[in-house]
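Protein chains in written order, with this note's numbering: chain A, -1 to 357; chain B, 146 to 693.
One thing to keep in mind: the hints can contain errors.
[To be verified] Partial chain A-side listing against chain B, Cβ under 10 Å, derived:
#1 Gly263
#2 Ala268
#3 Thr313
#4 Tyr345
Don't read these hints as lab results, they were simulated from the structure.
We treat Cβ as the ideally placed atom computed from N, Cα and C, and that holds for glycine.
Now for the letters of each chain:
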Amino acid sequence: MIIRAALLVYFLLPAQIATSQGPPDATKLLQSATDAETRGDLEQAIADFRKAAELTPSSSIALLKLGAACMRKHDYAAAIPPLKRAAELSPDSLPVNQLLGYALLSQGYAMEAIPHLEIAHDSGALGIAQFQADLYEEAVVNLKNALAKSPADTDLIYYLAKAAAALSSESSERLLVKFPQTARGHQVRGQSYYSAKMFSEAEKEFETAIALRSDLPGLHLELGEIYAASSQWTQAEGQFRSEAKMQPGNAEVAYRLGEALLQAGKMKEAAEELRRSDSLRPDMPETLYALGRALAVSNPNAAEQVLDRVIAIETRSPLAAQAYLLLASTHRRQGKSDLAARDIEEYKRIHNITSRPEQ
Amino acid sequence: MMPICLLPLFLAVSAISQTPKPSPEPQFKFTPAQGIDFVLRNSPTSRKYLIETMPGGVALLDYNNDGLLDIFLVNAGRVADPLRSPANFDRHDPSYWNRLYRQNKDGTFTDVTVQAGLQNAGDTDYGMGVAVGDYDNDGFPDIYVTNFGRNILYHNNGDGTFTDVTAKAGVAAGGWSASAGFLDYDNDGRLDLFVTRYLDWTPEKSKTCGRIAEPMYCPPGEFASTTSILYHNRGDGTFEDVSAASGISAKPGHGLGVAFADYDGDGFTDIFVANDAIEQFLWHNNGNGTFTEVALNSGAALSSTGKKLSGMGVVFQDYDNDGLPDLIVTQLPHEPYVVFHNDGKGSFSAQELETGFGALSGNVSGWGVGLEDFDNDGWKDVFIVQGHVFDNVRSYDSSLNYREPPLFALNRNGRFEKGDPGSDLPVAGRGAAFGDLNNDGWVDAVTTSLGERPQLYLNRGGKSHWLTITLRGKRSNRDGYGARVQVNGQVRFATASGSYLSSSDKRLHFGLGSADNCDVDVRWPSGIHQKLRALKADQFVTIEESEQ
Chain A
-1 MIIRAALLVY FLLPAQIATS QGPPDATKLL QSATDAETRG DLEQAIADFR
49 KAAELTPSSS IALLKLGAAC MRKHDYAAAI PPLKRAAELS PDSLPVNQLL
99 GYALLSQGYA MEAIPHLEIA HDSGALGIAQ FQADLYEEAV VNLKNALAKS
149 PADTDLIYYL AKAAAALSSE SSERLLVKFP QTARGHQVRG QSYYSAKMFS
199 EAEKEFETAI ALRSDLPGLH LELGEIYAAS SQWTQAEGQF RSEAKMQPGN
249 AEVAYRLGEA LLQAGKMKEA AEELRRSDSL RPDMPETLYA LGRALAVSNP
299 NAAEQVLDRV IAIETRSPLA AQAYLLLAST HRRQGKSDLA ARDIEEYKRI
349 HNITSRPEQ
Chain B
146 MMPICLLPLF LAVSAISQTP KPSPEPQFKF TPAQGIDFVL RNSPTSRKYL
196 IETMPGGVAL LDYNNDGLLD IFLVNAGRVA DPLRSPANFD RHDPSYWNRL
246 YRQNKDGTFT DVTVQAGLQN AGDTDYGMGV AVGDYDNDGF PDIYVTNFGR
296 NILYHNNGDG TFTDVTAKAG VAAGGWSASA GFLDYDNDGR LDLFVTRYLD
346 WTPEKSKTCG RIAEPMYCPP GEFASTTSIL YHNRGDGTFE DVSAASGISA
396 KPGHGLGVAF ADYDGDGFTD IFVANDAIEQ FLWHNNGNGT FTEVALNSGA
446 ALSSTGKKLS GMGVVFQDYD NDGLPDLIVT QLPHEPYVVF HNDGKGSFSA
496 QELETGFGAL SGNVSGWGVG LEDFDNDGWK DVFIVQGHVF DNVRSYDSSL
546 NYREPPLFAL NRNGRFEKGD PGSDLPVAGR GAAFGDLNND GWVDAVTTSL
596 GERPQLYLNR GGKSHWLTIT LRGKRSNRDG YGARVQVNGQ VRFATASGSY
646 LSSSDKRLHF GLGSADNCDV DVRWPSGIHQ KLRALKADQF VTIEESEQ
């Protein structure tokens, strides 16, 4: 897609460039090659452009046209020599550098493509080349710039995601290699263990990180999540409480604490914390569902209201199905058997939709 | 026994509330059972045949009516690697036999398997579970053994021997049976038989899952579902398969555990089937020989977060002393064991978090389960035998363990708190049966685990009072299964079923706290209502069904 765009740029170049330079034979050849290219006869066009280039060795136009024709034929390897020569002759030419950059990139010479794409100011292709050359930080910057201009370009979105992930990984690696005994080093190592489900190793890393820098936000949250993943709710609650003290305005921390309290069976405290989370960041369906669960037995009327909010937000998701199921239980406890039966029907309807395998 | 009036309920509750504080000592003494050399030989293979990880059951029964509980243990079988079809589990070797151990007066046990005629387990059968009930009302408990293959009904001849009457009785079933239990679903005074079946599995249909270098047992979803079986007792020593006529076979599942109780008080025993990885089944007894599966609409199908349970074991008794039978279902980790609280009017709500099971059981795998008043304080406690399905689970999730100690949780006014079972020995636990082995008034536990001898948890006792009741039905079935028995405000439903693959002491045990006497109210399956007043505590009583 990017290469197609570049060729379009090239064909928008003023036609007179092609016809105003060189001896008459070369001019004729350029014209006949252009005609052949227009007809779609790329073999003939390439042959004529090649002859024209031989007749005008100091001009970059025939070389540029030859390279472009090769690229239209998807013969990127053949495009590189004439474009390289054109770049020597016209080092500042935007189309020459752009096409050469593309040709090199398409053949895997990302590092070599970068200076040409820089001259061409093509931030998208440059970002891709930088990603492929392991220059993730620069790649992220250029791909974000390109995406600002072409927000629907799926190639750019894909490469930005890859580059950002690689940058994250590279940065973590740098922390581990250069600063292994720092709090952040232990934190990153803990995250790796957590991803690999090595919970006891992850726990030790986070404990060390907290011992080194107890003031760092996020450490208690992550350690709490490790405990939560292994259903150690008392320990999880302790960590989430520590994080909530540090970040009283963080809705996610309040949610996590509420969920831990819920799992530990402390329904009243859970409801308080989940209400706090809802006030910090309203209408988060997971928070509302957990709040409904906390209230379901002790206060079915309040649970009903909260679960209605979940259903209003999440109309057809698995969470909506869960909410209907809980609502059915709540309605049964309220003696509203008709509503409970309706809830079960809704649960079945949504569950059937959401559990169906994708086509 | 003379029928008498009940004391007001508040007096009963008052007695319970004066319970002495619990002892800091472990409730149980973990001890080897002297004379029991049985090893549950499940024969794990490199191919990870799912069947290898599922046995085996244990029963506590007094087969010779000498007043002492005896122990019957189901063994599994030899699994060839690879296993060929038709499967032969080669159970000629005595180490693969099921075993009956008679309890001696000194608390030791003697292997009486051969003497009792129980040594032939069948080469085509891989052993799973056991049910106990006096199906012919002759006063001697009979034994039903479930298998992959042909199930076996052993009639107790009353002279210390048993006879395989499967062919005559017509209860061989077939396929992969798991838990079974005797109940009188039509209140005709004869025990019927319910058999859960797990999966439509055969050696040819077997699969191995996991990584090539680290295979693991496949989840049940990899295999087709199958149906449970209901046998109606004709009263002439034969049974009729009424699975289709009763509606039971209309809904295939992954049945592993089964428990019985009349949850809606209509006088007919209902059936709960713990299914693995699908919705649970609650079969409502319509009172006319048919059943309707109502779990989803009753609130007993899924966890409180709408998740399907890996249902293994189940118990159907009243944990919160409101007189209604509740359900506790054990399952695999990352979800707590589920408590379905009976809210009355035929509906349940999942209250595993409110009851404390979120903190007690989020990361363990539960199988056999008992809800008994182990500390005699008037509230039924929980004992669950644990261990993961996969013997290599740690290579997939380091937070999980194949071998785990049991969970013992004390009931504090309807909320469970971790107690001390007296052993933290991790085992791959499976079956569990409960009963008062040494007749001291305190309930003990016997559990099974893969590749090991059974574990015996002898209750250390304490100062609280108790009452243990044996029912003797006349119009009702002789075991009194299905009777609703209330003692000082607590309720038990008479059954030996529940747990996983296992059968418990049929006697009904009640902890009385500080109360030194009690009132008893029995509602028999026949409809007869019998009351006894001011019985002295700390005794074993037999209640014979009155004429009216």
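What are the numbers of the hints that this structure violates, sorted from low to high?
3
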